[in-house]
Each structure stands twice: as structure tokens, then as C-alpha cells.
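Taken in order, these protein sequences are the chains called A and B. Okay, so the first sequence: first residue is 2 according to my numbering, each after it adds one. Okay, so the second sequence: first residue is -7 according to my numbering, each after it adds one.
Please note that the accuracy of each hint is not assured.
[Stated by the list, open to error] Sample of chain B residues with no beta-carbon within 12 angstroms of chain A, all distances over it, derived:
(1) G29
(2) E33
(3) K42
(4) D75
(5) A90
(6) H154
(7) I157
(8) D170
(9) P337
(10) T389
(11) L419
(12) A431
(13) T442
[What the hints assert, rightly or not] One-sided and incomplete, this derived list gives chain A residues near chain B with beta-carbon spacing under 8 angstroms:
(14) G41
(15) M52
(16) Q81
(17) S105
(18) V232
(19) G235
(20) L239
Rather than coming from a laboratory, the hints here were simulated on the basis of the structure. Ideal Cβ placement from N, Cα and C applies to all residues, glycine included.
Chain by chain, the residues run as shown.
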Amino acid sequence: MAQLEIRNLHVALEDGTEIVKGVDLKVDLGQKHAVMGPNGSGKSTLAYALMGHPAYVVTDGQILLDGEDIAELGADERAQRGLFLAFQYPHAIPGVTVTSFLRSAINANRKAASGGEDDPVPIPEFRTNLLAAMEELKVPRELASRYLNDGFSGGEKKRVEILQMAMLKPKIAVLDETDSGLDIDALRIVANGVNKLVGPETGALVITHYQRILDYVTPDFVHVFVDGRIVAEGGPELAHKLEAEGYEAFGSNGNGRGPS
Amino acid sequence: MSSTHETDVVRGIRSDYKYGFSNPDDAKDYFFKSGRGISHEVVEAISEHKGEPEWMRQFRHKSLDYFLARPMPSWGADLSGIDFENIYYYIRPTEKQADSWEDLPPDIKDTWDKLGIPEAEKKYLAGVGAQYESEVVYHKLQADLEAKGVLFLDMDSGLREHEDIVKQYMGTIIPQNDNKFAALNSAVWSGGSFIYVPPGVRVEMPLQAYFRINAENMGQFERTLIIVDEDAYVHYVEGCTAPIYSSDSLHSAVVEIVVKPRGRCRYTTIQNWSNNVYNLVTKRAVAYEDATMEWVDGNLGSKVTMKYPAIWLMGERAHGEVLSIAFGGKGQHQDAGGKVVHVAPRTSSVITSKSISKDGGRAGYRGLLQVAKGAVGSKSKVVCDALILDEESRSDTYPYIQVDESDVELGHEATVSKIGEEQLFYLMSRGLSEAEASAMIVSGFVEPITKELPLEYAVEMNRLIQLQMEGSVG
């Protein structure tokens, strides 16, 4: 069984509108998957539903993480089981520094891992890990003491999303349009972070509109996502085909071939 | 004077209020306890028992007349639940004050141990006063500060040992007839702190007073007077707790502060009364030339709080700051705020208020900014932010501004916000529970104030916020 297995997943908005219309997908540790689709195809809804956003209702199907159906769990419990979502638009939390937020998040996960007993990360260990991850991901030191995403540029937000991913070490990382709004340097850093993280203990699902990030993160599998469904699957060559022919070739009615 | 039954029964203890314990055995051991209710006889008995000078005895009786004559305030929070006839106005738990924790009766010492006060004294305090019911039972000041002439006594000792200073200032900053509850305090006051910091002396570590109500239907009326002389500095911190009883207690303090030229006083309150305490406090400071007065006022506990720390800027370039946090949870009404009166030219002030309400609670800001004619070149900024955590809760802002001088610079900002579903989801997607995520957002909201606190108090404040947030979210 794959680490993340999505079976016949249907997701609707609270008003009943169905957005994700039956998706099957398996992501294993060590694998990089790309879900590529045009704007409005339901990619972000898929990402949010995987993480457990309350506004998106799973109406049918299963989300199995390590064999356990997590579709009914809250976002916190999914995170504690090793799921991570890098947000397209991360939210600002004024008054809470990146450092203090990260320590709280790590401690929340450690507490869950030790059956509800507090097990805070020793401060020196936390500091060492944080500094190493920041160095690795070229996150400027000063960001650590700024308030989370408060007044951050688009690039800073994305870097800090990747920093969170590196610190929380999820089993499955879902990246929702993490490449949007990044200049080429930032894109490289983000891609580098994904490449570093994916390995024997982590798999990634990169959701994107563009081929661009896939120049730096070579996916093992590509899934073309149109109108709430996966309409084509293949290896990295599929991304290039998409680049050349556009989403129209896969049945999209045209709102989406991106510049590249 | 024995009635132990009202302290035997401790009902409805909130599981998240860790100070809700009481020491029921105490009640029968009290050294002196007045009967319930207020009268000239009670006032007489208190004054007599304390062996006070004649002028103080008269001050008390006059104050009681003012109290009896004044109507209850018709604005602010609902005070109709206060039964003045059911309150004990004076309870003296021990015969003598101790200057070492070991000398306290074991059950009282145990209370302070549970609250962590002796530990805090060792670590980061320059002096400690601990009031239990009506009297300060423990008092200690570091020897080097004593040698420099710093006075840090309980108010009763202050009156005995420095009657001239007390007589000179008491009731001058807050007249005994200032308001109904100041009048009540003036009539039955007991305990509180008396502080004098001589010219040029800087007390680098905080002085802390800790107030504990243990008996049910107790009225605690401490009286504090702080004189910071020229170029001197002091940071005074007060904390307070009480057990949870099914019927109410009353805490009504009066705090008067004088900051002389170039002096600076910071007064920090972490108010954590249990949810059966009416907390009706009058606090006022005057600041002279180039002096600075800062009120840092955190209101997390109590059933009802009405408190608006005030600063009168009497000398040129005096500066005043009020930082107020009010957290109104279930069944609580925090009517907090601040007042600044600019009397002298080129004075400046900042009022920052952060109020949070949840589970049907009310928290708000009620403030007065006044600039007198002639206070030219004065500047003031008022910022009131409210965070409302659910649909049942309420926040009110009453920013009164009265300006009689045209050459001034004033700013006022107010915001009201709610915790967004998206913010919560974002934090929860990192593994924080809904309660932890909400607490984090709230801690961030009050951070502009907690960052002003010494580390230990900032930690305490955040912990109290977390306790307030736990258990009822989700």
C-alpha cells in the first residue's frame, strides 16, 4: 500500500457544487508526483480537501494515509500523522514570530506522537535544526524573528512554507501552486527544498499550473487534472507534451495554457 | 466570628483555573474577623484594631458617609449582584507579619508555595509583599535597596512608620469621594503597598505584591501609595487570585502614584481573580516635569472588572502610557481602559488597548483623553483593537476625547477583528489543535503589550491566555 492513497475522491463545496469528481491517486515515499491542470480545474480544492479544510466536503471516496482513512479527521490530526500542505496563499499571523510558530508546531506534533504527553523539543536542538534549515533554503536570518507571513513578499512566504516543510518533516508534502509568483532564484530554492526533502521518508505531490517548476523538480509521475478528474497520467514526458500542446489537447475548454 | 461553613464548601471549581484551591481550615483560625456588612461600627472596629491615629479614624468615617451617600454607578458593568450586607470587610489571618516564608502558618505558606511566589522572589524580584485577606502577611525587600533608602512596606506599616508621608499624600491623588468604590476603600482599607523611592535611586528588578482572597464573601480593599522621587525608577508588579465560590467576593483597591520630575514608574497588573470576584479599582498617577508613568494592565480574571488607570500629566514634557489587555470569557465583563489628562505643555501619551471576548463574554475599552487649555504642543495616540472570538461575545469601545487646546496632535485608531477560518486552518494544518491555534492568534494579538513585560510575566500572561482558550473551543 502506498503512503498516500486517494480512492474515488469526490469533493463538494458547502452548497453542494461538486468540484473534485472522482480522483484516484497513489503517492509513495520517495516519489515526486505532479498534478498539472488549468485554472479552475479544482486542483486547489483537491489540495485543501486532502488537508481537511472545513469548507470542502468529502462526499465520497477515501483518503488513506499509511492505510488509515483520514477523510474525517481535522487538519491538525492529519498534520500529526505526517501530511503537510504548502499553501498557495499562506496566511499572516501578526504578533507570532516564525521561530515561535515553528517551535509550537513541532511541539504540537511531538505531543501527538507521544500520546498527548508534552514532549517539547529541547531549545538548543531546535535552534540548531532551524539555523541549518534556514541556511540550506537560503532563508534570511531576520525572517526568523519576524511575524509569520506578516508583510512578507510573495517569495518570502513561499520560502517560509518550504522552511516549515523542512522543519516538520512530513511523510507526504502537498505543494499547492508553490511556484506561482516566484522569480527564478526563488523557484530554484523552493525546488531544491522539495528535492532535498523527498527521499526514503517523504513523498511529494506538486500541484501546479505551469511546467516551470518541473524544470527543477523532475516528477516521477505526472497527472493531468481537468474539470475535477485526472484525464491523463504518465512520466515526466507528459509534462513536456502538455507544455507543447496545452490543456486543450486533454479536453480543457481553453482557459488554461500558461505562458512558460 | 467563626462561621466556617461558607469556606468549607467550594463549589463549581473551573478545571482550568489552577488557583481555585482554598484553604478551608484557615477560616476558624483567623486572628480577627469582622461581621458581615458595613457600618460605622465596622469602620470603628477596623481603625481601633489597627490602633490608628485620630485623623485616619476620621478619614475612614467621613469616607463611609460618602460611600453611603453616593448612588451606584449607572454606567459600565452590571453591579446589581453586589450585596454589601453579605460581605466581610476585614479579616486578619495572622497576628504578625513574617519576613521569611517559613515563619508563616503552614496553610498560608502552602498557598504561596502553590502560587510559586517564594520561588519567584528568589529568581527575579527585588522585593515581595503578600497580602492574604485583609493583611499583608509577608514582606521582604532586598537589603541593598533598604540601605539606599527605598521604602517598601505594607500600607499599615507605612502609616505607622511614615505617617507624615502618608498623611501628605493619601487621598490627594484620588479624593476619598472620587467615586463610590474609592469612598468604600477609603473607609475600610487594609493592606496594600507603601513605596518610596528616593531621588536618583533606580530599582532595577521589579517589586511585586501578591493579593490573595481566600474566604468566601470577602471584601479586599488594599490601598497603595507609591512615591517616585526625582530621577528615580521603580517597576511595581501586582498579581492576584482567589478560590472559586458560588457566591461573590469584592475587590476594590485604590492606588495613588506620584512621579516627581524625571522619575519613572511602571505599574504592571496581571489580574487573574476567579470568576466570582467583582473587581472595581481606582488607579491614578500624577507625573511631573519630564517624568514617565506607565500602566500595564492585564485583566484576565474576575466576574466584573471596572478599571481605568489614569495619568495626569502635570509637568512639562511628562509622558504617560497605558497598555491594557482585557480578556472577557464566559460570564465575564471586563470594562477596562485608561484615562490621560494633559495639563502641562508638550506632554505626550499613548493608550494601547487590546480586548478579547469569547464564549459570550464582554471585554472593551472605555477611555478618556483630555487636553486642558494651555497644554500646547501635546501629543497623544489612542489605539484600540478588539478581537471577538465567536458570535455570542461582545466588545464595546467608548473612546471619549475632550480637547480644549488647538495646538495639539492627536491620533485615534480602532479595529475590530475576528479569528478567520482560514487563519485557523492554516495553523491547524501544521498540527496545532483548534484551541492551540486560537490561543496562538490571541497571543499574537496581545503581543504588542506582552513584549513590554519582563520575560517571566510575558510567559505568565501567555499561559493565562492559553488557559482561557482551552476547553471551550471546538
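Status of each hint after checking the structure:
Distance check on G29/B: its Cβ is at least 47 angstroms (rounded) from any Cβ of chain A, clearing the 12 angstroms threshold; non-interface status holds. Chain A leaves E33/B outside its interface by the beta-carbon criterion, the shortest separation being 53 angstroms against a cut-off of 12 angstroms. Against chain A, the non-interface label of K42/B holds: every CB pair exceeds 12 angstroms, the least being about 46 angstroms. With a minimum CB-CB distance of about 41 angstroms to chain A, D75/B clears the 12 angstroms threshold, and the non-interface call stands.
Residue-level check passed: A90/B sits 35 angstroms from the nearest beta carbon of chain A, beyond 12 angstroms. The claim that H154/B is not at the interface with chain A holds, since no C-beta of that chain comes within 12 angstroms of its own (minimum 43 angstroms). Under the 12 angstroms C-beta cut-off, the non-interface status given to I157/B relative to chain A holds; the minimum distance is some 42 angstroms. Separation of D170/B from chain A is adequate, the least Cβ-Cβ distance of about 36 angstroms exceeding the 12 angstroms criterion.
P337/B, annotated as away from the interface, keeps every beta carbon of chain A farther than 12 angstroms; the closest lies near 35 angstroms. At roughly 19 angstroms, the least C-beta separation between T389/B and chain A is larger than 12 angstroms, which holds for a residue marked as non-interface. Some Cβ of chain A comes within 12 angstroms of the Cβ of L419/B; the nearest lies about 7 angstroms off, and the non-interface call is violated. A Cβ of chain A approaches the Cβ of A431/B within 12 angstroms, the least distance being about 9 angstroms, so the stated non-interface status is violated.
For T442/B, the condition that its CB be more than 12 angstroms from all CB atoms of chain A is violated, with the nearest at approximately 9 angstroms. Taking 8 angstroms as the C-beta contact cut-off toward chain B, the hint placing G41/A at the interface is violated, the least distance being around 20 angstroms. For M52/A, the interface hint holds, the least distance from its beta-carbon to any beta-carbon of chain B being 5 angstroms, beneath 8 angstroms. Against a cut-off of 8 angstroms between C-beta atoms, the interface hint on Q81/A holds, since the closest Cβ of chain B lies about 5 angstroms away.
At a threshold of 8 angstroms, the smallest CB-CB gap from S105/A to chain B is about 6 angstroms, leaving the interface hint in force. This hint is violated: V232/A has a C-beta 28 angstroms from the nearest C-beta of chain B, more than the 8 angstroms allowed. Against a cut-off of 8 angstroms between C-beta atoms, the interface hint on G235/A is violated, since the closest Cβ of chain B lies about 30 angstroms away. A cut of 8 angstroms between beta carbons decides the hint on L239/A: the least distance to chain B is about 29 angstroms, and the hint is violated.
In summary, the numbered hints that this structure violates are 11, 12, 13, 14, 18, 19 and 20.
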